[in-house]
Amino acid sequence: MGIEVNGKTLEVDEEGYLADLSTWEPGVATVMAKAEGQELGDDHWEIINFLREYYEEYQIAPAIRVLTKAIGKKLGKDKGNSKYLYELFPYGPAKQACKYAGLPKPTGCV
Amino acid sequence: MSDIKKFMYVNRKAPYGTVYALESLEVVLIGAAFDQDVSLAFVDDGVYQIMEGQDTTGIGMKNFSATYRALGDYEITKLYVEKESLEARGLSVEDLMELTWEDEDEDYEEKPSIILVSSAELAEVMAGQDVVLSF
Amino acid sequence: MLHTVNKSPFERNSLESCLRLSAAGSAILLFEDAVVGAVQGTKIADAVSAALSDREIYVLGPDLAARGFDQSKLIDGIQVVDYGGFVDLSVDKGTVQAWV
Chain A
1 MGIEVNGKTL EVDEEGYLAD LSTWEPGVAT VMAKAEGQEL GDDHWEIINF LREYYEEYQI
61 APAIRVLTKA IGKKLGKDKG NSKYLYELFP YGPAKQACKY AGLPKPTGCV
Chain B
1001 MSDIKKFMYV NRKAPYGTVY ALESLEVVLI GAAFDQDVSL AFVDDGVYQI MEGQDTTGIG
1061 MKNFSATYRA LGDYEITKLY VEKESLEARG LSVEDLMELT WEDEDEDYEE KPSIILVSSA
1121 ELAEVMAGQD VVLSF
Chain C
2001 MLHTVNKSPF ERNSLESCLR LSAAGSAILL FEDAVVGAVQ GTKIADAVSA ALSDREIYVL
2061 GPDLAARGFD QSKLIDGIQV VDYGGFVDLS VDKGTVQAWV
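Protein chains in written order, with the numbering used here: chain A, 1 to 110; chain B, 1001 to 1135; chain C, 2001 to 2100.
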């Protein structure tokens, strides 16, 4: 399977996660979001970029509990809760935000 | 709220040569969702898992040593390292990564996660566990 | 607490580590390839004997017999159990630590 991003075909797994993290570019998130009927605004990008930095540093996609706590610390308590994250990513931060960010499915994702 | 049990994961294998170290780490991260009192022990070749300065670019494998730094985020703050295992390998705690956790209750103060223990001390900690998982 | 060891002490350090890291009052069960650690006259026999001063050590009879060792060859103080005894130990001694 693959997705079309800026004229290139990028491989994804059966759940739609990017097969090779290094092939990610911002267009990946835009294309994936569009396929799920979503427009990405600054608030979305803030989370996507945060996830990419987290992965860069720790080599894992954080569990939702860890993500909310870390977001709360970095971006403020009003954003560090699952309600806020689910408003931005209705299918779940793990299923959507991590996927848009090109990360593998979070370890410990229930 | 169910009873909190004491879980210890005992790591005794070096990373990369076999899959034990990575598997252990994944089980630890998944298990962290269950709100138990979790600790890790690094003994024998397990101490090599948390060596500072690992660089896997040449062997084409993911450098998962970075992930040990995330353990604090998962509220895993007790990493017991056996002194005798370090010494037998010509290592000291300075050769290991500096692993810390942030104490939310004390303004995110960074506190060390590594607890250097003797064999006898670790034996006592192990004897006090409800569940011990070996890798 | 029950410690189980199933690797030969001459191939792996599992038994050595188990002896080093088991607390007084705990029990140790040797089975599969580890049963050779219960035999007299090996290079680790002294360490095993020393552990018997404050720990119980058991060996699984069927694994010992399979490898041709008679019970008369065991280090003094080591107790032989069958599969039922293995199960009883796992139940009675609480937490199990498997030195794989």
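Accuracy of the hints is not assured; some may be wrong.
[As the list claims (entries may be wrong)] Capping the alpha-carbon separation at 27 Å, the derived lysine-lysine pairs in DSS-like fashion look like this:
id	chain 1	residue 1	chain 2	residue 2
1	A	105	A	83
2	A	77	B	1006
3	B	1078	A	69
4	C	2043	B	1078
5	A	105	A	77
6	B	1062	A	95
7	B	1005	A	69
8	A	73	A	105
9	A	95	A	34
10	C	2073	B	1083
11	B	1062	B	1006
12	A	95	A	69
13	C	2093	B	1062
14	A	105	A	69
15	B	1083	A	79
16	A	8	B	1062
17	B	1062	A	69
18	B	1078	A	74
19	C	2007	C	2043
20	C	2043	B	1005
21	C	2043	B	1006
22	A	69	B	1083
23	A	95	A	74
24	A	95	B	1006
25	B	1078	A	8
26	B	1083	A	74
27	A	79	A	8
28	A	105	B	1083
29	A	83	A	73
30	A	73	B	1083
31	B	1078	B	1111
32	A	83	A	95
33	A	69	A	8
34	A	95	A	79
35	A	34	A	8
36	A	74	A	105
37	A	8	A	105
If you're looking for bench data, these hints aren't it; they were derived computationally from the structure.
Hints breached by this structure: Numbers 2, 4, 10, 11, 13, 15, 20, 21, 22, 24, 25, 26, 27, 28, 30, 33, in rising order.
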